[in-house]
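S.K.: The primary structure of each chain is shown beneath.
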Amino acid sequence: MKQEIALNINGDTYELLVSPNQTLLEVLRDNLGLMGTKRGCDLGACGACTVLLKGEAYLSCLMLAMDAVDKEIVTIEGLGGRGNLDPLQSAFVEQGALQCGFCTPGMILTAKAMLSEEDHPTEDIIKKRMAGNLCRCTGYKKVIEALQSVSEQTAEEE
Amino acid sequence: MERELTVVGNRMPMLDAAAKAKGTAQFIDDLVLPGMLHGKILRSPLPHAKILHIDTSKAEKLSGVKGVMTGTDIPDRKYGIVPKAKDEYALAKTKVRYIGDEVAAVCAVDPEIAEEALELIKVDYEELPAVFDPMEAIKEGAPLVHADVQKNISASIRKEFGDVEKAFGESDFIFEDTFYSQAVNHAPLEPHGALAQYDPKGELTIWSSTQIPFFLRRNLSTTLLVPESKLRVIKPKVGGGFGQKVDMFAKDFCACWFAMNIGRPVKFIYDREEVFIGTRQRHPVYLSVKTGLNKEGNILAQQFKAYADGGAYNSTAPVMITLMGFFLMIPYKVPNLLHEGYHVYTNKPVGGAMRGHGIPQARFAVERQLDMIAERMDLDPGEIRIRNSIHAGEPHPAKFVINTCGFVDTVKKAAEGIGWAQKRGKLPFGRGVGMAGGSFPSGVSNMSHISSGAVVQLGREGAVNVLTGAADIGQGAETVIGQIVAEELGVLLEDVRVTAADTGITPLDPGTFGSGVTVRAGNAARLAAISVKNKLFEIVSEKLEASVDDLVAEKRKIYVKGSPDKGMTLSDALKAYQYGDHPMPIVGRGSWMAPTTEPTTLLKENGNFAPNYSFMTQAAEVEVDPQTGRVKLLKMAAAHDCGKMINPLLVEGQLEGSVVGGMGQALYEDVIVEKGQVMNPSFLDYGFPTAMEMPEIEAIEVETIDPLGPFGAKEAGEGTQVSPAPAIVNAIYDAIGIDFMEMPVTPEKILKALEEKKK
Amino acid sequence: MRLPKFEYVEPKSIEEACSILSDESSAKILAGGTDLLANMKHRVEVPSVLANIKRISGLDFIRQDNGAIRIGALTPLKRLYKTTLVTEKVPALSSAAASVGSYHHQTMGTLGGNLCQQNRCKYFNQSQWWRSAREPCFKAGGGICHVVNKKEICYSSYCGDMAPILLVMNAKVVLANKGDSREISLQSLFSGDGKTPLDTKKGEILTEIVIPEEALNSFSTYSKFANRESIDFPIVGAAIWSSVQRKEHRVSFTAVDRKPIRARNIESVLKGRDLSEEIVEEVAGLASKEAALVKSSNYAPSYKRRLMEGLLRSTLKEAMRRS
Ligand SMILES: Cc1cc2nc3c(=O)[nH]c(=O)nc-3n(C[C@H](O)[C@H](O)[C@H](O)COP(=O)(O)OP(=O)(O)OC[C@H]3O[C@@H](n4cnc5c(N)ncnc54)[C@H](O)[C@@H]3O)c2cc1C
Ligand code: SF4
Ligand code: FES
Ligand code: FES
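Residue numbers (numbering that gives the first Met the number 0), protein chains in the order written: chain U, 0 to 157; chain H, 0 to 758; chain G, 0 to 322.
Note that these hints are calculated values from the structure, not bench results. Be aware that a few hints might be false.
[Stated by the list, open to error] Restricting the straight-line Cα-Cα distance to at most 25 Å, the calculated cross-link-like pairs of lysine-lysine (BS3-like) are:
no., chain 1, residue 1, chain 2, residue 2
1, G, Lys-11, U, Lys-53
2, U, Lys-1, G, Lys-121
3, G, Lys-149, H, Lys-674
4, G, Lys-288, H, Lys-756
5, G, Lys-11, U, Lys-1
6, H, Lys-121, G, Lys-4
7, H, Lys-150, H, Lys-674
8, U, Lys-1, G, Lys-4
9, G, Lys-4, U, Lys-70
10, H, Lys-748, G, Lys-121
11, H, Lys-60, U, Lys-1
It should be emphasised that the depicted structure is a prediction, and the values quoted were computed from it without experimental measurement.
Can you build the whole structure from these sequences, using the hints too?
M.R.: This is the structure:
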């Protein structure tokens with residue numbers, strides 16, 4: 000039986016009818032058309048489906064939509080303004096930290112969570128936190144470099 | 000060029016990078032059409048069996064199911080990427096040949112119902128004896144995977160350059176070694192998919208995660224009996240391919256068939272497991288190499304034998320075994336070569352093109368053996384490579400035309416980058432350095448039908464529209480083409496819009512394989528741009544009273560060479576063109592194929608294989624933990640001669656991705672098969688490297704300016720992945736003194752070997 | 000890959016959750032879901048009811064009570080390395096938590112869920128279609144085992160990363176059942192039966208993990224060896240706890256048997272002795288005898304044996320250095 004729920008996504012409230020067995024990923028993509036959240040494996044092993052729940056990095060393919068009720072959800076669509084990019088997004092773009100771009104939304108959101116939790120992450124911490132986001136194109140080097148630059152930038156601004 | 004380059008050669012983000020970072024770039028699974036249905040494929044759970052009967056009645060009755068199809072519904076037409084090697088039906092007709100072979104397809108109003116419907120299809124099979132190893136499969140009496148292919152050898156090649164027997168007779172040293180290169184999966188992050196739509200006029204449109212829109216169109220046409228003129232293939236953003244999407248799959252045919260028969264759009268998206276089992280993988284190959292050398296360490300002859308485990312179907316079989324042989328002829332001078340290659344069917348997942356396409360397997364064997372030879376002959380591995388390097392301008396035993404070759408420089412620079420002189424043979428036990436060389440064609444020239452076209456339109460306000468058939472799969476082809484056009488027209492990259500890979504709109508292009516895109520499609524786009532520029536220059540030359548030959552276009556301006564003040568802006572020039580009663584927009588067309596002396600074919604004749612060739616050396620430093628067997632790649636110094644780099648940011652990206660990919664093959668990845676069943680068909684169990692495994696990477700440029708490449712460019716896509724794996728395995732030898740002859744070199748194998756060594 | 004259908008409930012109290020479990024024979028607890036939902040997608044677990052206990056308050060805490068450290072079952076793993084009480088008093092627990100899966104699993108996964116996770120097997124953690132290529136195995140509802148040719152025994156491995164370190168600290172767990180609760184040793188939570196790895200009574204829910212005070216003042220460490228340095232389950236994991244004063248050294252392993260094991264034989268050899276190079280060598284050779292290694296994963300038993308030895312050696316040596 001479908002149930003009525005409300006989800007708070009990127010600051011908007013969506014009232015929805017969902018089945019209990021729908022994952023948050025399915026609801027974001029299939030019900031709401033928020034296609035920035037990607038399905039790479041559907042089994043919690045690649046990070047492509049990462050979203051932020053109360054600022055933390057969650058795998059939306061291993062999470063029930065029902066379970067996300069009452070939690071602020073941010074997807075890649077929620078970052079940056081209309082025409083502009085969030086500093087993390089700009090860093091990925093300018094430093095070539097993406098190629099095919101399929102892993103990118105997940106990468107950026109994991110990075111967002113990490114940077115909000117870690118003050119001055121070392122390279123080792125950055126790698127550890129990002130390791131759940133697989134990328135087959137970049138070899139990760141430019142991803143790590145982009146994150147280092149953003150983290151240094153925020154440190155300077157503080 | 001009459002001036003400094005302003006766009007080409009710059010580090011520039013991809014044209015679509017911002018869309019990708021914002022999550023608005025549209026991949027196949029992001030496309031939704033009104034009334035769209037969802038398809039799923041039923042796959043064989045048996046490695047080899049006759050299909051006796053398929054009962055789809057229950058599935059058809061399930062509410063929400065809109066269609067069920069089996070092999071008997073479709074025309075009796077096989078498909079295949081290589082015309083002469085077509086051996087696959089969209090859905091099996093009478094027999095299944097591997098666990099994963101496609102048996103039936105359903106479509107339904109939602110994916111959940113489609114999944115349920117699959118469970119309701121009942122298939123009666125009669126199991127047949129199966130064969131899982133190519134060396135077993137070629138024996139007399141082995142089960143035949145395809146009844147008409149004796150000994151399961153579906154393609155073979157025997158190619159001799161020079162006189163091998165004689166050269167071995169003259170050799171001072173002869174070494175013979177055998178190697179094995181395992182199956183690895185491309186594992187692009189984006190699973191494969193297709194979405195097809197049919198309109199009542201009889202036009203069929205398919206969006207597909209493909210690297211080869213035009214080949215797909217041709218195969219759809221011949222299998223589904225729809226004229227090519229009624230078929231439009233569109234490539235959306237593709238989330239990585241690495242060669243796995245250089246093929247077509249059941250999802251393409253079934254989406255089209257359902258769309259045609261039901262009249263509603265139908266989308267298929269594969270699960271990760273299907274990508275692992277039911278698409279393509281790098282061929283596992285058994286290799287033996289016999290090498291004869293003189294006392295100085297010059298190679299006199301090589302005899303090479305390869306048995307490729309092709310799995311149940313051909314895919315690129317004949318091409319793969321051919322590439323493997325021909326590219327033994329670079330980067331080293333092999334005056335006499337005998338190559339025998341066999342593609343053998345087994346009841347296993349299917350091999351196909353993967354970054355390097357046969358060449359990495361061959362390179363693994365040769366580069367490993369070179370190190371072993373150097374050790375036995377007491378030569379430095381760098382030295383033996385330099386000594387045997389081919390050189391630009393020299394006559395080539397296979398008639399390749401090598402206009403530029405930076406190989407020797409790459410050896411030296413990679414060695415320098417890794418600290419070779421200080422480290423090789425001098426590090427404590429458990430640590431070592433190793434190197435491997437490589438070379439790669441920038442596309443192929445001796446298949447005469449391989450050419451690319453481009454159209455460039457210059458409109459009001461200097462807006463440039465480029466139409467190209469090139470298939471960007473994340474490597475940045477559209478950006479590179481945009482840069483080439485912008486450079487030629489003297490505009491900024493941001494002025495250029497690239498529309499690509501839509502067979503209904505864009506000119507013919509073979510697609511993304513063989514690393515030919517930058518050179519082939521880039522040259523086509525450049526010619527189109529030049530044609531536009533010439534038209535504009537004619538008018539401008541009148542206005543400026545200067546000769547066309549003296550004009551230069553740069554940064555949205557056209558001026559007389561040497562006197563930048565004597566000129567006009569591009570938009571003024573366009574106004575002049577338009578008000579001079581010349582029709583707008585200005586359209587230029589270009590097409591390009593590599594020059595060939597005579598049309599040759601892949602299998603038969605010698606000749607120049609490619610317009611140009613990239614060269615590279617990778618040098619690795621590793622650390623081996625004797626307690627756990629873990630090999631940590633500490634650093635890779637990668638020196639690459641890819642001609643003029645159109646966009647160094649993207650070239651580096653290719654290199655870095657290849658280093659980690661090559662490390663995956665050397666140390667981590669293996670498609671494990673037990674009785675025909677893939678045991679690790681998931682990201683979790685397959686385990687390709689994460690950010691934690693990433694080594695330090697030093698990308699070193701060795702730039703040459705190639706006469707045939709656009710602005711001097713050569714390939715930078717696949718060549719980068721031929722040498723990292725052998726470099727790592729060579730470094731392991733330096734670290735622990737053990738020669739590994741097969742990949743992956745897992746901790747398990749290291750521990751075992753160390754234990755045996757102790758005994 | 001869709002989830003199977005089920006009824007979803009959000010009990011508001013532990014009692015309510017317990018009665019759902021005892022009323023509905025195939026009901027399951029949903030904590031972080033990172034283990035359970037993957038198994039459900041594979042259809043190796045198909046509960047009729049999912050009781051999401053994350054809406055129950057008071058199961059997510061870390062505190063010190065009379066010396067003992069008490070951790071609520073719903074505490075996310077990440078909290079274990081982000082909370083000073085844990086990083087200071089039981090750093091080995093922090094590093095074990097940081098070794099689980101990836102950052103995401105550490106964020107979503109709970110300590111209770113980690114301890115209660117399903118056993119793993121290469122023939123079991125696969126999709127329904129994949130498994131249809133073989134006869135259903137005993138654990139998946141059939142009669143045979145593809146790993147060991149014996150009827151009605153399951154040799155799947157317990158692969159959790161949190162159990163070993165808690166075992167060597169003699170941790171206890173609190174199980175609640177409809178208004179009632181009992182405290183048992185963590186070791187006795189594990190049945191050793193591959194088919195039903197947990198030895199709990201119907202309706203019981205794990206609410207708390209208790210680390211006794213005596214465990215806190217001695218050296219302990221967890222060492223995990225996996226294919227990659229992130230995401231992957233351990234191929235072998237080993238924990239030790241070592242008290243110089245008491246001349247007591249405890250050893251445990253994960254991913255080598257049907258349950259996480261304490262290496263009792265090695266412990267008795269070490270009992271009353273100071274650690275030395277010789278003793279380390281002596282017991283390293285005994286490591287693999289502690290476990291019943293089978294081919295339940297893609298890693299050979301012989302390799303796991305070598306790893307058990309290697310990890311034991313390196314952790315004991317670390318203990319020697321630290322004390
Ligand atoms: C890709 C991937 C990699 C992983 N890698 C690792 C790894 O390296 N190491 C590792 O240990 N794990 C790993 N895991 C498994 C899992 O993520 C962790 O074990 C996690 O800690 C499980 O916690 P959870 O809260 O998500 O459990 P859940 O999935 O919610 O629950 C697991 C099981 O425990 C039961 N349960 C949960 N809480 C309770 C309770 N309070 N009382 C009684 N029963 C309960 C559930 O009913 C279920 O059967 C991995 C998972 C994935 C998908
Ligand atoms: S050990 Fe045997 S019974 Fe248990 S899950 Fe594996 S195959 Fe099934
Ligand atoms: S899609 Fe969720 S982790 Fe891969
Ligand atoms: S950019 Fe392609 S997977 Fe990361």
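S.K.: Does each hint hold? Answer for all of them.
M.R.: Here's how the hints hold up against the structure:
For the given pair, Lys-11/G sits about 21 Å from Lys-53/U by alpha-carbon distance, which is consistent with the 25 Å threshold. For the suggested pair Lys-1/U and Lys-121/G, the alpha carbons sit about 35 Å apart, so the restraint of at most 25 Å is broken. At roughly 20 Å between alpha-carbon atoms, Lys-149/G and Lys-674/H fall within 25 Å of each other, so this suggested pair holds. At most 25 Å may separate the alpha-carbon atoms for a hinted pair to count; Lys-288/G and Lys-756/H meet this at roughly 24 Å.
A hinted pair counts as satisfied when its Cα atoms are at most 25 Å apart, and Lys-11/G with Lys-1/U qualifies at roughly 21 Å. Proposed proximity of Lys-121/H and Lys-4/G is supported: the alpha carbons are some 22 Å apart, at most 25 Å. At roughly 20 Å between alpha-carbon atoms, Lys-150/H and Lys-674/H fall within 25 Å of each other, so this suggested pair holds. With a C-alpha separation of about 11 Å, the suggested pair Lys-1/U and Lys-4/G falls inside the 25 Å cut-off, and the hint holds.
A C-alpha spacing of about 24 Å is found between Lys-4/G and Lys-70/U, which places the hinted pair at or below 25 Å, so the restraint holds. Note on Lys-748/H and Lys-121/G: the hinted pairing holds, with a Cα-Cα distance of about 20 Å set against a maximum of 25 Å. At most 25 Å may separate the alpha-carbon atoms for a hinted pair to count; Lys-60/H and Lys-1/U meet this at roughly 23 Å.
Hint 2 from the earlier list is the only one contradicted by this structure; the remaining hints agree with it.
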